[in-house]
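Chains A and B, in that order, give the protein sequences.
Using full-length UniProt numbering, the letters of the first sequence correspond one by one to residues 1 to 340.
Using full-length UniProt numbering, the letters of the second sequence correspond one by one to residues 1 to 340.
These aren't lab readings, by the way, just hints derived from the structure by calculation.
In this text the structure is predicted, and so the values were computed from the model without any measurement.
Treat the hints loosely; a few may be bogus.
Identical copies go unnamed one by one, so any copy, or any two together, can satisfy a pair.
Unchecked claim - With a cut-off of at most 25 Å between alpha-carbon atoms, the simulated DMTMM-like pairs for lysine to aspartate or glutamate come out as follows:
no., residue 1, residue 2
1, Lys140, Glu287
2, Lys140, Glu102
3, Lys140, Asp329
4, Lys140, Glu256
5, Lys140, Glu122
6, Lys140, Asp45
7, Lys140, Glu106
There are 2 protein chains.
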Amino acid sequence: MALRGERVTMAHGGGGQAMRDLIAEVFTGVFQPPGNEDQARLMVDALQEPGARLAFTTDSFVVSPLEFPGGDIGKLAVCGTVNDLAVGGARPLWLSASFIIEEGCEIALLRRIVATMAAEAEAAGVRIVTGDTKVVERGKGDGVFITTSGIGVIPPGCDLAATRIAPGDAVIVNGVLGDHGAAILAARGDLALSTDLQSDCAGLGHLMQAALAAAPGIHAARDCTRGGLASALNEMAAEAGLAVEVQEDALPLRPEVVGMCEILGLDPLYLANEGRLVLFCPADQAEAVVAAMRARPEGAGACIIGRAHAGQPGRVTLRTAFGGARIVDMLVGEQLPRIC
Amino acid sequence: MALRGERVTMAHGGGGQAMRDLIAEVFTGVFQPPGNEDQARLMVDALQEPGARLAFTTDSFVVSPLEFPGGDIGKLAVCGTVNDLAVGGARPLWLSASFIIEEGCEIALLRRIVATMAAEAEAAGVRIVTGDTKVVERGKGDGVFITTSGIGVIPPGCDLAATRIAPGDAVIVNGVLGDHGAAILAARGDLALSTDLQSDCAGLGHLMQAALAAAPGIHAARDCTRGGLASALNEMAAEAGLAVEVQEDALPLRPEVVGMCEILGLDPLYLANEGRLVLFCPADQAEAVVAAMRARPEGAGACIIGRAHAGQPGRVTLRTAFGGARIVDMLVGEQLPRIC
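Let's have the full structure, built from the sequences with the hints guiding it.
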């Protein structure tokens, strides 16, 4: 073992031998990127089909705590970027991973995070092909931040976009909402909440491909991360120039999440998810989408929750079981920081 | 102006309206990425030539201070990733940019950084097509960290790699060494050094293309960033299984940099550069490379500094003006932290 010591020091970011040892032993030894160069060089057969497009996305992950029930920052960093690609109809292919490590970070923690990332990447069918590490002084970071970027291929003819949403489209989600946000909140420990909740963090690439195979008429999809379902629906409704109505009694919510939100004065519709997407498709294809999703574990809770209609553009309303309605607005200010 | 206040708050990272306003006004309003989706969707004509390869690279930037003579973290973040693509023979096409912002960061500072990035991207002929922002609490970051990822296309037949370096190859750099590291060190202010030194930070995509056009026989190139020329040469010599000899009197060094290094006990060969590359080419093409580089401002100081030879694999030596020689080893430990 070339790596000395149990914690990251500033020397591990200095460009010399210590950095090379850290990278070789903790990162590239696990990710096994192709080649020795700083850049990955990739054959692009998948992109050479006429009409194929390249999808490119990036996200930084700063979740606190770094490890939580149901996952860790590494799982988020892989799934988050895979999902950003997937909801646009892209088949995820390659990821980059860049680490900003705080001096003093335990190397054992980094190893656990990297192992999670490798496992999630394999499950998602993507390769982590290039990366970087930087080290900042104690008190100038928070353990580790990870930025992943992803490249995928959008096959010819696939064109998902919120602007394609049409009046009458069904609104579908793939499972219970808010588990990630609630699990992170509980994991912080400063609320003295005891719960068995786990993050919903999951890669949705295979799920999205299955949905598209079952219903090529899907118009648009988005992952419900920061800001939750409410924010995703508001964005999509605004871009579509349509209104969206959600049936309150159709919303899949765990009693524990509803209860925690009642205690804390939060709205579960704004809680972050990391393994949930919302999609719009013609009503006559909705059952096919739900069935295709339910055939996979990450879509086991799939259901129709509402519809798009030609109401006030950008307006999202919640229809209650008693027939009343309330406006579900964009989140103003913050609900929960450092959730992803 | 939708943006209220002069400093970033936690609400700017919360997924709601404040975040959308910050992103729209400070980031996407300047970068003008294509489309409304979270992912960029790109036509890949340049990649559809048979034999073309895609180059993919990433780097995080944590330089301190964020603004320094000759540049800022935004210039580094664009040039660094452009250069990682360029030295592999890739033509840089698209960048992603992800920001981890510390609560309290001045919005005016972010605007300056983003303006620099937009200008550098335009100069380099690349587009910033996708991005992300996260906000961390005061004391959990350091102003702003930026991670850029880059995609480029490597044309058919272009195959630069350290393993292609051959005995007799000339070693060429494009200008004076160590200015970036010395300028950052002076800018930190805690050394009471007064200097007019400016960072050498520059995009090298056009320079590298000009060199390749003049001398298609170039075997390998690398940017001399963290760890400086010495680290780049050690890496390349090791991968090539060859020795490299550098002529001390051929090394382009400013007297101010040499003087600062003498005072501080540093070696300028290990100082970071952000606009310098080292390349290896057959000796009979070396003059053509130097001439092509000198025709551009970022290559005005190009010169031959040494040669590869069949000595001890991985060994880099410095031949002094008096005929002596010393080994230039990999940097052990750190020289200067937070240099890029």
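Outcome of the hint check:
no.: 1; hint: Lys140 with Glu287; result: neither (50 Å within a copy, 46 Å between copies)
no.: 2; hint: Lys140 with Glu102; result: both (7 Å within a copy, 9 Å between copies)
no.: 3; hint: Lys140 with Asp329; result: neither (35 Å within a copy, 31 Å between copies)
no.: 4; hint: Lys140 with Glu256; result: neither (36 Å within a copy, 31 Å between copies)
no.: 5; hint: Lys140 with Glu122; result: neither (32 Å within a copy, 31 Å between copies)
no.: 6; hint: Lys140 with Asp45; result: neither (43 Å within a copy, 43 Å between copies)
no.: 7; hint: Lys140 with Glu106; result: both (16 Å within a copy, 17 Å between copies)
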